[in-house]
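Student: Residue numbers (our numbering), protein chains in the order written: chain D, 480 to 584; chain U, 23 to 197.
Hints are computed from structural coordinates only; laboratory data are not their basis. Where is the CB? At the ideal position from N, CA and C, for every residue including glycine. Treat the hints with caution; some may be incorrect.
Label-pair restraints from in silico Cβ distances [as the list claims (entries may be wrong)]:
| no. | chain 1 | residue 1 | chain 2 | residue 2 | range |
| --- | --- | --- | --- | --- | --- |
| 1 | U | L130 | D | M566 | 32 to 42 angstroms |
| 2 | D | L490 | U | S122 | 20 to 30 angstroms |
| 3 | D | L490 | U | R160 | 23 to 33 angstroms |
| 4 | D | M566 | U | I176 | 23 to 33 angstroms |
| 5 | D | D541 | U | S178 | 14 to 24 angstroms |
| 6 | U | L130 | D | V576 | 22 to 32 angstroms |
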Amino acid sequence: MPTLPQVPLSLYFGLSAILFTIGAVGVITRRNAIIIFMCLELMLNGVNLAFIAAGNALNSLDGVIFVFFVMTVAAAEAAVGLAIFVMIFRLKGSVNVDQINLMKG
Amino acid sequence: MIATAFSWLVFIGAGLVAIVASILMVTRRNPVHSALWLIVAFFSIAIIYISLNAQFIAVAQVIVYAGAIMMLILFVIMLIHLESEQELTGKITGAKIIASFITIILFLEIVAAVLSFRVTGIKGPFTPELVNGFGNVRAVGMVLYGKYMFPFEIASILLLIGIVGAVVLSKRRKE
Chain D
480 MPTLPQVPLS
490 LYFGLSAILF
500 TIGAVGVITR
510 RNAIIIFMCL
520 ELMLNGVNLA
530 FIAAGNALNS
540 LDGVIFVFFV
550 MTVAAAEAAV
560 GLAIFVMIFR
570 LKGSVNVDQI
580 NLMKG
Chain U
23 MIATAFSWLV
33 FIGAGLVAIV
43 ASILMVTRRN
53 PVHSALWLIV
63 AFFSIAIIYI
73 SLNAQFIAVA
83 QVIVYAGAIM
93 MLILFVIMLI
103 HLESEQELTG
113 KITGAKIIAS
123 FITIILFLEI
133 VAAVLSFRVT
143 GIKGPFTPEL
153 VNGFGNVRAV
163 GMVLYGKYMF
173 PFEIASILLL
183 IGIVGAVVLS
193 KRRKE
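Make a model of the complete structure from these sequences and hints.
Tutor: And the structure:
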């Protein structure tokens, strides 16, 4: 029975890249602001996965600390961003990003 | 040997679930379905975190992402009912195809970077055996409240700004 190697780090990075790309496709193709926001969260998760995998491979806890701070920023971003969406919905009656052009000169 | 096989199994299973759930999240028209599929993706990423010896982050992922943030997003989806916007997202236009093509180029760039990348860093002191000796949360706490004390305090100010910003933005203005 051949010995199985450990899961290589590049596979974790590959999964992270796939998740990041799916999130990026969503951000570019979808027009609903809340869906775009969720795709951003998915992109953050892909990056977090790369941090954790690299930290584990290097026997370091700094990756975990980085992910902790990314989660903090994501929580603050969710609170402020969703408040902005609610405000825009009150103003325009829609959160379609094609119709949000308040700053057009 | 069995542990290695199990980690392969966990990686392949949870990774496939994460990929399928995130593809479904991007393609569903109903925002509520998208949010629920994103929760599935978050859970499977949390399972991968556990297999990477990051138990604290796995629990925080479930509590913060799958619990708090997705609850907030679902709440806002219910608050501003988005059913009227569903028909706008269905059609596939030329711009969407070009955009997907550009992101596929981005993906190939990332894959090229990953394939040409070799981890050459100095190994840190926190081996899995050492960390499991006194617990992952305790190890994270020692690093967080020691070396990263100042960024931790800055993060608390950031969260405070987030709370104040949300309250100020969602307050109805007096005309």
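Student: Checking each numbered hint in turn, tell me which of them this model violates, lowest number first.
Tutor: Every hint satisfied by this model.
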